[in-house]
Amino acid sequence: MKQKGMLLGLVLMIIGIVCWLMVKYVLYDIKVLYPVGCIILCVGGLIVTINLFINTVKDDKILRSKIDQKKEK
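Using the numbering used here, count along the sequence shown one by one with no gaps and you end on 100.
One or more of the hints may lead you astray.
Below, a list of computed lysine-lysine pairs in the PhoX-like style, where the Cα atoms sit at most 25 Å apart [unchecked claim]: (1) 88 / 100; (2) 98 / 88; (3) 85 / 98; (4) 31 / 85.
Worth flagging that the hints you see were computed from the coordinates, not collected in a lab.
Note that this is a predicted model, so its numbers are computed, not measured.
Kindly produce the complete structure, drawing on both the sequences and the hints.
Following this line, the structure appears as structure tokens:
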């Protein structure tokens, strides 16, 4: 699950950057790609950030449970 979320976020970020590059270098008439690319880039970054935060909390809980088990022994 964690790889799918990271991959989705990174793909969205790459699509957003490609939209920006298309506006800058290829398609001058389609200016709507600039805000769309910005939104897609931000959503991709948000997905990556949320996914990393959730996985950090899960890993922290696992590590704390292991430390508590070692203290009980």
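When you check the alpha-carbon spacing of residue 31 and residue 85, does it fall within 25 Å?
Given that 25 Å is the threshold and the Cα spacing comes to 16 Å, the pair holds.
Next pair to validate is residue 88 with residue 100; report whether the Cα-Cα distance is within 25 Å.
Holds: residue 88 and residue 100 sit about 19 Å apart, inside 25 Å.
Could you grab the alpha-carbon distance between residue 85 and residue 98 and see if it respects the 25 Å cut-off?
holds, 20 Å
Tell me if the straight-line CA distance from residue 98 to residue 88 falls inside 25 Å.
holds, 15 Å
In summary, the structure agrees with every hint in the numbered list given earlier.
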